[in-house]
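If you're matching them up, the sequences are chains S and P in order.
For the first sequence, my numbering assigns the number 51 to the initial residue and increments by one for each residue that follows.
For the second sequence, my numbering assigns the number 3 to the initial residue and increments by one for each residue that follows.
No lab work stands behind these hints: they were computed from the structure.
Note that this is a predicted model, so its numbers are computed, not measured.
Hints should not be assumed to be uniformly reliable.
Simulated crosslink set (SDA-like; lysine to any residue; CA at most 20 angstroms straight-line) [as the list claims (entries may be wrong)]: (1) P:K19 - P:R101; (2) S:K146 - P:G61; (3) S:K146 - P:T32; (4) S:K163 - S:S77; (5) P:K80 - P:G102; (6) P:K13 - P:E85; (7) S:K146 - S:S120; (8) P:K17 - P:F105; (9) P:K13 - P:T113; (10) P:K17 - P:D59; (11) S:K146 - P:K80; (12) S:K146 - P:F105; (13) S:K99 - P:R86; (14) P:K13 - S:G93; (15) S:K146 - P:A57; (16) S:K146 - P:S97; (17) S:K99 - S:A67; (18) S:K146 - S:G93; (19) P:K80 - P:A90; (20) S:K99 - P:K80; (21) S:K99 - S:I133; (22) P:K80 - P:R101; (23) S:K146 - P:A90; (24) S:K146 - P:N64; (25) S:K146 - P:D58; (26) S:K119 - S:L161; (27) S:K146 - P:F67; (28) S:K146 - P:S60; (29) S:K146 - P:T113; (30) S:K146 - P:Q82; (31) S:K146 - S:S77; (32) S:K99 - P:E85; (33) S:K99 - P:S89; (34) P:K13 - S:N91; (35) P:K80 - P:L98; (36) S:K128 - S:K146; (37) S:K163 - S:K119.
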Amino acid sequence: AQSVTQLDSQVPVFEEAPVELRCNYSSSVSVYLFWYVQYPNQGLQLLLKYLSGSTLVESINGFEAEFNKSQTSFHLRKPSVHISDTAEYFCAVSVKAAGNKLTFGGGTRVLVKP
Amino acid sequence: GAGVSQTPSNKVTEKGKYVELRCDPISGHTALYWYRQSLGQGPEFLIYFQGTGAADDSGLPNDRFFAVRPEGSVSTLKIQRTERGDSAVYLCASSLIVRGEQFFGPGTRLTVL
């Protein structure tokens, strides 16, 4: 079975400051890795994903995440946050050989302060 | 185009009652997933369909939970003899193919009194 740990349940950050959301996973088989975002009163949206290839993946709104196989991590970073980045962020994995069901972490709530 | 829709958006019921939650996936999406999100936690997988058949129902917590997708499009999650612990947001997602990106609906918030 797979598990995902998001070490920080809440991260307060000032506007234009950098932010890092930590994600570690456990799996005995190869996995795909995802970050989803849930803005207030909206559904989950895919932010970025790692399937294969380059270990650094980027989103269109300035987020990036790096897959580190040796540390089984997939931390999410943004060098300068905006008020509009206030949301809950979920890290998730799926097993390559077993459909596409997602195992989620507990989520990290990011509150961007002016 | 329309996204994934779920009805009702909110459902309040009494302990012991039966409820049905509906999911309308994006048109043409062959895979459909149900997840449950309890307060303060991440979503947990319940079941997924490839077409009309349940390809993996390993996340259903017990036999009070059942889901169908008779025509390979709309799906209904059915919960019998509801318990207070069933209170959660039930999320539905669909994807064009089994390993494609999952698009989530807004969820149904179920409250069991």
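Now the hints, each set against the structure:
Between K19 of chain P and R101 of chain P, the direct Cα distance comes to roughly 36 angstroms. Violation of the 20 angstroms bound is thereby established for this hinted pair. Among the hinted pairs, K146 of chain S with G61 of chain P is consistent with the structure: their alpha-carbon atoms are about 18 angstroms apart, no more than 20 angstroms. For the given pair, K146 of chain S sits about 18 angstroms from T32 of chain P by alpha-carbon distance, which is consistent with the 20 angstroms threshold. Our distance criterion of 20 angstroms between C-alpha atoms is broken by K163 of chain S and S77 of chain S, whose separation comes to about 36 angstroms.
With a CA separation close to 26 angstroms, the supplied pair K80 of chain P and G102 of chain P exceeds the 20 angstroms bound. Our distance criterion of 20 angstroms between C-alpha atoms is met by K13 of chain P and E85 of chain P, whose separation comes to about 14 angstroms. Distance check on the hinted pair: K146 of chain S and S120 of chain S sit about 18 angstroms apart at the alpha-carbon level, within 20 angstroms; holds. Of the pairs offered as hints, the one joining K17 of chain P and F105 of chain P is violated, with about 31 angstroms between alpha carbons and a cut-off of 20 angstroms exceeded.
Note on K13 of chain P and T113 of chain P: the hinted pairing holds, with a Cα-Cα distance of about 6 angstroms set against a maximum of 20 angstroms. Restraint check for K17 of chain P and D59 of chain P: not satisfied, since their Cα atoms lie roughly 24 angstroms apart, outside the 20 angstroms limit. The suggested pairing of K146 of chain S with K80 of chain P is violated, with an alpha-carbon distance near 29 angstroms, which exceeds 20 angstroms. The hinted pair formed by K146 of chain S and F105 of chain P meets the criterion: a straight-line CA distance of about 19 angstroms does not exceed 20 angstroms.
Between the alpha carbons of K99 of chain S and R86 of chain P the distance comes to roughly 35 angstroms, so the proposed pair goes past 20 angstroms and is violated. Pair hint K13 of chain P plus G93 of chain S holds up; C-alpha atoms about 17 angstroms apart against a cutoff of 20 angstroms. Distance restraint check for K146 of chain S and A57 of chain P: the Cα-Cα separation of roughly 15 angstroms lies within the 20 angstroms cut-off, and the hinted pair is therefore satisfied. Taking the CA atoms of K146 of chain S and S97 of chain P, the gap is about 16 angstroms. The hint holds against a cut of 20 angstroms.
For a cut-off of 20 angstroms, the pair hint linking K99 of chain S to A67 of chain S is broken: about 24 angstroms separates their Cα positions. A distance of roughly 25 angstroms separates the Cα atoms of K146 of chain S and G93 of chain S; the hinted pair therefore is violated under the 20 angstroms criterion. A distance of roughly 14 angstroms separates the Cα atoms of K80 of chain P and A90 of chain P; the hinted pair therefore holds under the 20 angstroms criterion. With a CA separation close to 32 angstroms, the supplied pair K99 of chain S and K80 of chain P exceeds the 20 angstroms bound.
A hinted pair counts as satisfied when its Cα atoms are at most 20 angstroms apart, and K99 of chain S with I133 of chain S does not qualify at roughly 23 angstroms. Proposed proximity of K80 of chain P and R101 of chain P is contradicted: the alpha carbons are some 26 angstroms apart, above 20 angstroms. Taking the CA atoms of K146 of chain S and A90 of chain P, the gap is near 28 angstroms; set against the 20 angstroms cutoff, the hint is violated. This hinted pair does not check out: K146 of chain S and N64 of chain P have alpha carbons roughly 26 angstroms apart, beyond 20 angstroms.
Taking the CA atoms of K146 of chain S and D58 of chain P, the gap is near 15 angstroms; set against the 20 angstroms cutoff, the hint holds. With a C-alpha separation of about 29 angstroms, the suggested pairing of K119 of chain S with L161 of chain S is violated against the 20 angstroms cut-off. The suggested pairing of K146 of chain S with F67 of chain P is violated, with an alpha-carbon distance near 27 angstroms, which exceeds 20 angstroms. Distance hint between K146 of chain S and S60 of chain P is fulfilled; the C-alpha atoms sit about 17 angstroms from each other, no more than 20 angstroms.
Between the alpha carbons of K146 of chain S and T113 of chain P the distance comes to roughly 35 angstroms, so the proposed pair goes past 20 angstroms and is violated. For the proposed pair K146 of chain S and Q82 of chain P, the alpha carbon gap of about 33 angstroms is over 20 angstroms, so the pair is violated. The suggested pairing of K146 of chain S with S77 of chain S holds, with an alpha-carbon distance near 11 angstroms, which does not exceed 20 angstroms. A C-alpha spacing of about 36 angstroms is found between K99 of chain S and E85 of chain P, which places the hinted pair above 20 angstroms, so the restraint is violated.
Simply put, K99 of chain S and S89 of chain P have alpha-carbon atoms about 30 angstroms apart, too far for the 20 angstroms limit, and the pair is violated. Of the pairs offered as hints, the one joining K13 of chain P and N91 of chain S holds, with about 17 angstroms between alpha carbons and a cut-off of 20 angstroms not exceeded. Taken as a hint, the K80 of chain P and L98 of chain P pair is broken in the structure, with Cα atoms around 24 angstroms apart against an allowance of 20 angstroms. Distance check on the hinted pair: K128 of chain S and K146 of chain S sit about 27 angstroms apart at the alpha-carbon level, beyond 20 angstroms; violated.
For the proposed pair K163 of chain S and K119 of chain S, the alpha carbon gap of about 33 angstroms is over 20 angstroms, so the pair is violated.
Hint violations for this structure: numbers 1, 4, 5, 8, 10, 11, 13, 17, 18, 20, 21, 22, 23, 24, 26, 27, 29, 30, 32, 33, 35, 36, 37, all remaining hints satisfied.
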